[in-house]
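Trainee: The listed protein sequences correspond, in order, to chains E and Y. For the first sequence, position 123 matches number 123 in full-length UniProt numbering, and the numbering has no gaps at all. For the second sequence, position 33 matches number 33 in full-length UniProt numbering, and the numbering has no gaps at all.
In short, the hints are calculated from the structure, not lab data. No experiment lies behind these values; they were computed from the predicted model shown. Hints should not be assumed to be uniformly reliable.
[Claimed, not checked] Derived SDA-like pairs (lysine to any residue); straight-line CA-CA distance at most 20 Å: (1) K286/E - G186/Y; (2) K212/Y - I245/E; (3) K4/E - G224/Y; (4) K212/Y - V242/E; (5) K286/E - S219/Y; (6) K224/E - F265/E; (7) K286/E - R217/Y; (8) K286/E - K49/Y; (9) K166/E - E152/Y; (10) K212/Y - P211/E; (11) K286/E - R207/Y; (12) K178/Y - D304/E; (13) K286/E - F209/Y; (14) K37/Y - P130/Y; (15) K142/Y - Q120/E; (16) K212/Y - G212/E; (17) K49/Y - L67/Y; (18) K224/E - D210/Y; (19) K37/Y - Q23/Y.
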Amino acid sequence: MYHKEKSIQIKNSASALYNNLGVLRIAPRSLTYFTVVHANVVNMVSASWDGLNYSHRQLQSKEPNVATSTSLIMQAAFCALPSRDLLVVTSQKGIQIYESDGSTMVYWHALDTPDTPTDQAVFARGISAVGNSYICVGDSSGSILVFDVPSKGSNITLSDVLKGHKKSITDIASECSGSQDCIADLISADDGGNLCVWKSGEEFQRFNNIPGFDISCTSVKLWKGTAVAGYGTGQIRLYEAVTGILHAEVNAHARWIYSLDIAPFSGLLLSAAEDSLVRVWHLSIKPESLSVEVAHLHNECVTDTQICGAKFCDGDGHAFAVTGYDLSEIIRYTQS
Amino acid sequence: MSMRTLPLVFINLGGEMLYILDQRLQALNTSEDNSEKVMNGIVGAMFSKDFMDELLKPQQLYSHRTLKTVLTRIAHASIMRLNPASMDRLYELVVMAFKYQIFLCPRPKDLLLITYNHIDTIRELVKDTPVVVNQVGETHRKIIEVYSSLSEGEFQLLRQTLLIFFQDMHVRVSLFLKIQVQNPNGRFALSTSGPVPHGIDVPGLIRTFDGKGREVRRSEFPSGGSYSSSVREGCFELHGDRVIRLGTDMYTVNHPEETHTPKHTFVKTDITPNLLAKEELNLLARLMGSMKAEKEPKAETGFWINLFTTDQEEEEAGASGLAEEPLFEVIHIQAMQDEQVTTELARIAGQFAEEEPPGNLNSSKGDDLLAMMDDL
Numbered sequence: 001m002y003h004k005e006k007s008i009q010i011k012n013s014a015s016a017l018y019n020n021l022g023v024l025r026i027a028p029r030s031l032t033y034f035t036v037v038h039a040n041v042v043n044m045v046s047a048s049w050d051g052l053n054y055s056h057r058q059l060q061s062k063e064p065n066v067a068t069s070t071s072l073i074m075q076a077a078f079c080a081l082p083s084r085d086l087l088v089v090t091s092q093k094g095i096q097i098y099e100s101d102g103s104t105m106v107y108w109h110a111l112d113t114p115d116t117p118t119d120q121a122v123f124a125r126g127i128s129a130v131g132n133s134y135i136c137v138g139d140s141s142g143s144i145l146v147f148d149v150p151s152k153g154s155n156i157t158l159s160d161v162l163k164g165h166k167k168s169i170t171d172i173a174s175e176c177s178g179s180q181d182c183i184a185d186l187i188s189a190d191d192g193g194n195l196c197v198w199k200s201g202e203e204f205q206r207f208n209n210i211p212g213f214d215i216s217c218t219s220v221k222l223w224k225g226t227a228v229a230g231y232g233t234g235q236i237r238l239y240e241a242v243t244g245i246l247h248a249e250v251n252a253h254a255r256w257i258y259s260l261d262i263a264p265f266s267g268l269l270l271s272a273a274e275d276s277l278v279r280v281w282h283l284s285i286k287p288e289s290l291s292v293e294v295a296h297l298h299n300e301c302v303t304d305t306q307i308c309g310a311k312f313c314d315g316d317g318h319a320f321a322v323t324g325y326d327l328s329e330i331i332r333y334t335q336s
Numbered sequence: 001m002s003m004r005t006l007p008l009v010f011i012n013l014g015g016e017m018l019y020i021l022d023q024r025l026q027a028l029n030t031s032e033d034n035s036e037k038v039m040n041g042i043v044g045a046m047f048s049k050d051f052m053d054e055l056l057k058p059q060q061l062y063s064h065r066t067l068k069t070v071l072t073r074i075a076h077a078s079i080m081r082l083n084p085a086s087m088d089r090l091y092e093l094v095v096m097a098f099k100y101q102i103f104l105c106p107r108p109k110d111l112l113l114i115t116y117n118h119i120d121t122i123r124e125l126v127k128d129t130p131v132v133v134n135q136v137g138e139t140h141r142k143i144i145e146v147y148s149s150l151s152e153g154e155f156q157l158l159r160q161t162l163l164i165f166f167q168d169m170h171v172r173v174s175l176f177l178k179i180q181v182q183n184p185n186g187r188f189a190l191s192t193s194g195p196v197p198h199g200i201d202v203p204g205l206i207r208t209f210d211g212k213g214r215e216v217r218r219s220e221f222p223s224g225g226s227y228s229s230s231v232r233e234g235c236f237e238l239h240g241d242r243v244i245r246l247g248t249d250m251y252t253v254n255h256p257e258e259t260h261t262p263k264h265t266f267v268k269t270d271i272t273p274n275l276l277a278k279e280e281l282n283l284l285a286r287l288m289g290s291m292k293a294e295k296e297p298k299a300e301t302g303f304w305i306n307l308f309t310t311d312q313e314e315e316e317a318g319a320s321g322l323a324e325e326p327l328f329e330v331i332h333i334q335a336m337q338d339e340q341v342t343t344e345l346a347r348i349a350g351q352f353a354e355e356e357p358p359g360n361l362n363s364s365k366g367d368d369l370l371a372m373m374d375d376l
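Work out the full structure, taking the sequences as your base and the hints as a guide.
Mentor: Right, dumping it as structure tokens:
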């Protein structure tokens with residue numbers, strides 16, 4: 001179904017972090033941007049679709065004071081809003097927002113760090129664009145920071161802090177960006193496996209809370225009102241987001257799931273885990289029963305590699321890319 | 001990231017170091033008396049209350065340089081002396097062993113079982129000295145107390161912090177290559193068969209439910225591996241069957257373990273200037289200060305051991321055709337600030353081996369410990 005393509009070499013290896021691959025497709029310029037986090041650096045590659053041109057860039061977690069220890073980056077992700085695309089980088093010290101090509105930093109938000117270290121790690125993790133102009137970022141205390149983004153320029157403001165989680169945020173996802181109308185358009189997950197479902201707006205509303213079983217939900221996606229969540233048990237669960245009804249449960253992997261992605265136009269689902277396997281599934285919503293069916297389509301094994309990032313490169317799921325811990329390449333697969 | 005890595009780092013790396021030293025001391029026909037003294041000295045230093053209390057304070061994991069400095073000091077808290085080349089090899093070995101254990105750790109919280117395997121074996125090594133056994137026991141109790149309440153998510157963060165710390169290290173270890181847990185390219189083998197970790201289901205099942213939560217359909221899919229259901233869970237108490245084998249002594253065969261390294265030593269690529277952060281220096285000072293200072297009277301002679309025969313290694317390295325592809329980059333960081341840092345470190349690590357190694361040993365180019373740190 002898929003075959004391996006030529007890998008893209010990156011300057012450093014990928015770190016063992018959840019959802020460690022960012023992809024942004026720039027159709028007008030026939031380019032795709034990729035981001036892979038390595039310790040305190042984000043490796044960015046811009047790849048032309050004809051496979052001939054690759055340009056690299058590295059972004060560092062900005063240190064207000066060089067004498068302090070380096071800040072590890074937790075995640076880098078692209079946020080595609082109707083008016084603009086941005087790159088968000090979260091670290092132990094704060095949140096940086098760049099133009100999507102990484103050329104300029106447009107905003108920096110420092111996290112509150114206690115003067116004397118406590119045993120609780122402090123970091124930001126979980127990034128998603130939502131609605132027309134919001135970027136949501138989670139943190140280690142379970143809060144979600146909502147930033148209001150103007151269509152141009154750097155006048156980004158922190159407009160809200162959502163409280164719904166007690167454990168560290170692991171991932172945030174959204175759907176219905178732009179004109180579509182949805183009951184709920186944002187979902188957030190935490191280290192206890194709890195999911196919160198929200199509706200964005202001037203005031204964000206929390207619609208539902210789907211409790212977990214004390215095992216982290218490491219990656220979450222929202223598609224046609226269905227929450228798709230991957231857990232440290234290697235399971236994928238599909239819930240109806242607003243009601244919390246469980247549609248399906250898959251014993252998908254033998255180790256912690258690190259990344260999920262959905263190709264919205266085709267309903268293809270990608271799951272990747274520390275067990276070295278990437279799996280492709282198909283989700284179909286049955287209108288009569290409003291249930292969701294999961295069908296397994298394909299497996300890829302990246303030998304001896306704990307996978308940390310996997311994303312489709314386009315909305316149909318025609319191609320996908322994978323990163324692994326200690327690997328200095330982005331592996332690509334295309335439909336045969 | 002995680003603020004709780006240091007105790008586990010030192011117990012596990014220290015444990016690996018003891019396994020290797022134990023094996024080498026036996027291979028070199030060291031007297032039982034001397035072996036016991038070495039073990040007691042090192043274990044006593046590592047598990048001293050002050051040192052452990054410092055480690056248990058919430059703090060970041062700093063650099064390899066700091067880690068190596070402290071481990072060297074621990075190794076020299078006994079009557080044994082290691083030359084710099086031996087210390088370098090030892091560090092590589094223990095780091096690769098621990099990296100292997102973290103990588104293959106079935107569940108994040110099994111990091112504790114790996115740690116307890118090390119503690120159990122250490123207890124055995126010093127069983128004839130009640131004072132030291134008590135220290136180990138006390139530390140074990142403290143570890144249980146501190147770590148039992150951590151969630152799986154927090155353990156995974158701890159594990160991720162360690163994986164990032166050991167990233168890009170692919171030193172090939174003869175023993176690991178021989179038992180095929182490591183590939184010739186330096187990466188560890190990850191199997192898609194065998195029992196799944198405790199609490200995880202064998203992959204392969206899809207269950208679908210209706211609106212009322214009743215299961216309406218089951219289907220299977222090919223897992224691409226051959227997994228079996230999990231074995232029983234290991235014991236997290238002071239004593240008990242840990243079940244998993246990671247962290248137990250792998251060096252039971254009686255031949256020297258060497259590392260395959262090219263002529264250039266590994267240096268981690270750092271984009272940021274190679275300054276030892278002020279906090280890191282403070283930590284180093286605190287750790288050194290809290291370690292039991294073994295002031296051996298001049299009358300009692302310490303002894304030097306050469307852990308690995310560097311000449312033989314270099315021959316082997318040539319033979320295996322390591323020239324084909326560099327396993328790691330060679331980075332020489334010569335920032336001006338580095339000198340200041342080295343002086344700081346030298347001051348803190350003041351009581352390092354004052355004596356020079358005897359000339360007949362394979363001390364590589366007569367480097368002393370301080371110059372060694374320059375190469376880091």
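Trainee: Would you mind marking each hint as holding or not holding in the structure?
Mentor: Hints versus structure:
no.: 1; hint: K286/E - G186/Y; verdict: violated (49 Å)
no.: 2; hint: K212/Y - I245/E; verdict: holds (8 Å)
no.: 3; hint: K4/E - G224/Y; verdict: holds (17 Å)
no.: 4; hint: K212/Y - V242/E; verdict: holds (15 Å)
no.: 5; hint: K286/E - S219/Y; verdict: holds (17 Å)
no.: 6; hint: K224/E - F265/E; verdict: holds (11 Å)
no.: 7; hint: K286/E - R217/Y; verdict: holds (14 Å)
no.: 8; hint: K286/E - K49/Y; verdict: violated (63 Å)
no.: 9; hint: K166/E - E152/Y; verdict: holds (15 Å)
no.: 10; hint: K212/Y - P211/E; verdict: holds (17 Å)
no.: 11; hint: K286/E - R207/Y; verdict: holds (16 Å)
no.: 12; hint: K178/Y - D304/E; verdict: holds (17 Å)
no.: 13; hint: K286/E - F209/Y; verdict: holds (13 Å)
no.: 14; hint: K37/Y - P130/Y; verdict: holds (13 Å)
no.: 15; hint: K142/Y - Q120/E; verdict: holds (18 Å)
no.: 16; hint: K212/Y - G212/E; verdict: holds (19 Å)
no.: 17; hint: K49/Y - L67/Y; verdict: holds (19 Å)
no.: 18; hint: K224/E - D210/Y; verdict: holds (17 Å)
no.: 19; hint: K37/Y - Q23/Y; verdict: holds (15 Å)
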